Amino acid sequence: MAYSEKVVDHYSAPRNVGSFMKNDDAVGTGLVGAPECGDVMKLQIKVENDQIVDAKFKTFGCGSAIASSSLATEWVKGKTLDEAMTIRNTEIVEELSLPPVKIHCSVLAEDAIKAAIADYKSRSAASAD
Amino acid sequence: MERIIGIDLGTTNSLAATVIEDGPEVVAPSGENPITPSVLTRSSGNWIVGEAAVAQRLTAPEQTVYSVKRLMGRDVEELAEEIKELPYAVIPAQRKLVKVRIGTEEFTPQELSAEILREVKRRAETALDETVSKAVITVPAYFDDAQRQATRAAAKLAGLEVVRILNEPTAAAIAYGLDERKDGYVAVYDLGGGTFDLSLLKLSGKLFKVIATHGDTRLGGDDFDRELMTLLRERLLAEHPEVTFERAETQQRLRKTAEEIKIRLSGSPETAYTLELPECGIMPQGLVTQAEFEERIAPLIERTLASCRKALGAAGLTAEQMDEVVLVGGSTVVPGVRKAVERFFGRKPHVAIDPYKVVAIGAGIQGHLLAGGRRDFLLLDVIPLALGIETLGGTFSKLITANTTIPAEVAEMFTTNVDNQTAIDVNIYQGERELVEDCRNLGRFKLRGIPPMPAGLPLVEVAFRVDANGLLIVSAKEQRSGTAAEIEVIPSHGLTQSEIDHILEESFDHAISDFNARQLIEFGQTAARMFRGIEQCWTVAEATLSTEERQELRTQMDVVRSSMQGGDAAALKRQIDALGELTRPLADTAMGRAVLEELQIAAG
Amino acid sequence: MDLDLLEERYQQLTVELHPDFYANASKRQQQQSELASTVLNRAYNTLRNPVARANDLLPRLAQGAALDERQLPSGFLMEMFGLQESLDELLESGIPEEIAQTRTDLTERHATLISGLALHFAEAEATAPPSTLQTLQTDLNAERYLHRLLERFPV
Ligand code: FES
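Residue numbers (this note's numbering), protein chains in the order written: chain A, 333 to 461; chain B, 25 to 628; chain C, 9 to 163.
One thing to keep in mind: the hints can contain errors.
With a straight-line Cα cutoff of 30 angstroms, these simulated DSS-like cross-link-like pairs (lysine-lysine) come out [as the list claims (entries may be wrong)]: (1) K280(B) <-> K35(C); (2) K120(B) <-> K470(B); (3) K470(B) <-> K35(C); (4) K226(B) <-> K158(B); (5) K120(B) <-> K226(B); (6) K35(C) <-> K158(B); (7) K334(B) <-> K226(B); (8) K233(B) <-> K35(C); (9) K35(C) <-> K180(B); (10) K35(C) <-> K372(B).
Per label pair, the in silico range of CB-to-CB distance [unchecked claim]: (11) E316(B) <-> Q38(C): 52 to 58 angstroms; (12) E133(C) <-> V375(B): 32 to 38 angstroms; (13) A322(B) <-> M353(A): 51 to 57 angstroms; (14) E105(C) <-> M353(A): 29 to 35 angstroms; (15) T112(C) <-> L152(B): 45 to 51 angstroms; (16) S101(C) <-> S499(B): 44 to 50 angstroms; (17) I103(C) <-> G127(B): 58 to 64 angstroms; (18) S82(C) <-> K501(B): 39 to 45 angstroms; (19) R160(C) <-> M353(A): 41 to 47 angstroms; (20) G127(B) <-> R160(C): 15 to 21 angstroms.
Some residues of chain B that are not near chain C, with every Cβ distance over 12 angstroms (derived) [unchecked claim]: (21) E49; (22) S54; (23) D153; (24) K158; (25) G229; (26) H264; (27) E283; (28) I306; (29) Q390; (30) G397; (31) A487; (32) A492; (33) R574; (34) T579.
Hints are computed from structural coordinates only; laboratory data are not their basis.
Note that the coordinates shown come from a computational prediction; the quantities given were computed from them, not determined experimentally.
C-beta: ideal position from N, C-alpha, C; glycine also.
Construct the complete structure from the given sequences, taking the supplied hints into account.
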């Protein structure tokens, strides 16, 4: 199967691998799993004034999941929370040319972004109280 | 019912078996050794195969090919180690094929194996007095798809239709199972000249089911020889540091002595040897004990036991649960091997059936079943290594896992990356490792004829099917349009159909001259035997034949001799027959009969 | 599930259908036997494996009722992620005893989950309350994560 160069690149040299301190109020953590295969992914965002300034991830999963999350962290950086919410897994599929069997891996990345944003929002809401 | 014979195409020896009225039997022309050594030698543009070629290993090492099975379906890189030690030249060829070069000629391993098969077929035909065109051919259970395809191509070149490719340990299990008719778990430990397999079977009633298999296609008795060769070389160098081993001859003498030592050590605790090296002007002697030999081969035996552990692990069984352990393959006569197997399984192995013949016999029985001769057992085999495709980042994604009962099928969806793309490349691998670089590339599958659509829209369902021969068949269908996408298989290691056809065409041209040449050699051998017989019972001739008759006999012998110099096999045969006619009165006397029978002359 | 009965039926059918007994039949019959045997083998493998069987059975029992295919026991994902991370370290450290111990623990947990499936199925077949079906689905979801963890251990 001819994978696009981009996927191979994101897979062999994934960007932004790692973690932020979880209880930092500026950090939102999304932890998601793919029921199709049992892979898990953690994606974290660091937010300043509603804007995502940095992102990190750690994925225990297949190559496509790693490439998807690597790409997702690149994309969210510099975006506002609302903008980041609009990222769709189909865009990841397109960018990385993922085959049908690997669609769920991109879904994992989209879910992780959403989960991270939700986590950040609920934390900031809590600390605002 | 058309006969389907069983052929054990071995690294060192090959033989055929079939079911006759009395049951399964190895087949060979009467009085001859049923085993055909898997050795062939090239002499003035013709092949000599089997026993007659064995001696040529010493005298014409560069023209004499053995262990060709090790080359089947493999490439130069994989064979680096083997090639270093082979006295004949192995060179890279198109795609990932290798060829053997003899003088100015080049041959694929498939063609060489075909020569061996042709000889086995010919001998079977002589023995059965009928033409044989269908066969069950055995391969090591751990052979991958490329190696199986190569074997099938070889048979095709030899003019044999392969009705079934059968795993060697499984063939042995058939012979054993039908012999014993006992239910339970059976482990078949198969150590041949160049390959090792361990298969676990469950026998219940008429069903013989393989549950797991593991092996090593590069481990066998040849490696035992190599250990002994190293021992001899070390000793020789200690005494004669000036000796070099560059000459193919020296290597072959070492090998031959090593083989002899190995064989003798199977029967006695120690053995003396004399290494004749006329080309070096020395003749060193020495002694090898069984203990020394066992120490040398211990790591090799341990490798076989590691395979046993893996197979048991895959089946979720323990060594103690085995109800029987069956030994197969010539190398299991080595006492060190028997001891190790007995220790591992905690029971005495079963050796009731000749380990040299059991595989061929099992194949013969399976052939009988396939021909419709019986329905009293059924063998269910498995795929030895997982099959899958390359996915992202060079990882191997398994579609059919190892030890799946065959026939089996799995379908997978593929789509396009670019708008209006009409073809997709899929890389197929076989193996048990995580990364494709550690697995065997079986070939590239090109899906063509996909209707032009936006990227990602076409859904091509590709079905990977493993048939009852353990061979992979791929087919594809585009789901949205319903068109069948065409699949073209580009084998990485094998011959394409057109290459096989080409070789067949060429060999047909040669067939007639080849046939004549082979007959000339054979008739020559027959004549030589007859001459010896006649000389030996000349006293009888003097007593029973008149002077004229004796004169006639002498004259005919001269005619045969001069006919042997000519190139016409049919003419030679006629003269030999005439000579046989003249010896008939000799054969009628008791003494003459004894001598002639001894020499296996079919007088009359 | 009566495994002995399964074995018996499989044997009967395979003896009827196997291509070995059709080697002399027409091309069409040969193909049919090859196809039928393939299907039979697949069915047998699904039925024999409790997880595959459960995955196959559940949608049938649910009869179109929507089950949440993502639901997991609470805190489960977090735990799995933690286990994956510590497994990274553990495998790198290469201490065989600890690796073996962790593996045994996980294998046991996996086995317990699987044997629990059978009980739930018995219940579901008798009364089919939606909650039992969802419990089954959740367990099956969780099974994949455990399976994935177990896959990481070297053989
Ligand atoms: S296969 Fe699990 S995320 Fe890709």
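Status of each hint after checking the structure:
1. K280(B) <-> K35(C): Measuring from Cα to Cα gives roughly 49 angstroms; hence the hint is violated.
2. K120(B) <-> K470(B): holds, 18 angstroms
3. K470(B) <-> K35(C): holds, 27 angstroms
4. K226(B) <-> K158(B): holds, 29 angstroms
5. K120(B) <-> K226(B): It is violated: about 38 angstroms lies between the C-alpha atoms, which goes past 30 angstroms.
6. K35(C) <-> K158(B): holds, 17 angstroms
7. K334(B) <-> K226(B): holds, 17 angstroms
8. K233(B) <-> K35(C): holds, 26 angstroms
9. K35(C) <-> K180(B): holds, 20 angstroms
10. K35(C) <-> K372(B): With a Cα-Cα distance of about 46 angstroms, the restraint between K35(C) and K372(B) is violated, given a limit of 30 angstroms.
11. E316(B) <-> Q38(C): 52 to 58 angstroms: This hint holds: roughly 55 angstroms between Cβ atoms.
12. E133(C) <-> V375(B): 32 to 38 angstroms: Given range 32 to 38 angstroms: violated, Cβ gap about 52 angstroms.
13. A322(B) <-> M353(A): 51 to 57 angstroms: Check passed, 55 angstroms falls within 51 to 57 angstroms.
14. E105(C) <-> M353(A): 29 to 35 angstroms: 33 angstroms Cβ-Cβ, so the 29 to 35 angstroms window holds.
15. T112(C) <-> L152(B): 45 to 51 angstroms: Because 58 angstroms falls outside the window, the suggested range is violated.
16. S101(C) <-> S499(B): 44 to 50 angstroms: For S499(B) against S101(C), whose Cβ atoms are near 47 angstroms apart, the range 44 to 50 angstroms holds.
17. I103(C) <-> G127(B): 58 to 64 angstroms: holds, 59 angstroms
18. S82(C) <-> K501(B): 39 to 45 angstroms: holds, 44 angstroms
19. R160(C) <-> M353(A): 41 to 47 angstroms: Violated: the Cβ-Cβ distance is about 27 angstroms, outside 41 to 47 angstroms.
20. G127(B) <-> R160(C): 15 to 21 angstroms: Check failed, 55 angstroms falls outside 15 to 21 angstroms.
21. E49: Given that every Cβ of chain C is farther than 12 angstroms from that of E49(B), nearest at about 21 angstroms, it holds.
22. S54: holds, 30 angstroms
23. D153: Given that every Cβ of chain C is farther than 12 angstroms from that of D153(B), nearest at about 23 angstroms, it holds.
24. K158: Label violated. Min Cβ-Cβ 9 angstroms, cutoff 12 angstroms.
25. G229: The claim breaks: G229(B) does not keep its Cβ more than 12 angstroms from every Cβ of chain C (closest is about 7 angstroms).
26. H264: Holds, because the least Cβ-Cβ distance between H264(B) and chain C comes to about 47 angstroms, which exceeds 12 angstroms.
27. E283: The claim stands: E283(B) keeps its Cβ more than 12 angstroms from every Cβ of chain C (closest is about 36 angstroms).
28. I306: Check passes; 50 angstroms lies beyond 12 angstroms.
29. Q390: The claim is violated: Q390(B) sits with its nearest Cβ about 8 angstroms from chain C, within 12 angstroms.
30. G397: violated, 10 angstroms
31. A487: violated, 10 angstroms
32. A492: Violated, because the least Cβ-Cβ distance between A492(B) and chain C comes to about 5 angstroms, which does not exceed 12 angstroms.
33. R574: About 57 angstroms separates R574(B) from the closest Cβ of chain C, which puts it past 12 angstroms; holds.
34. T579: Label holds. Min Cβ-Cβ 55 angstroms, cutoff 12 angstroms.
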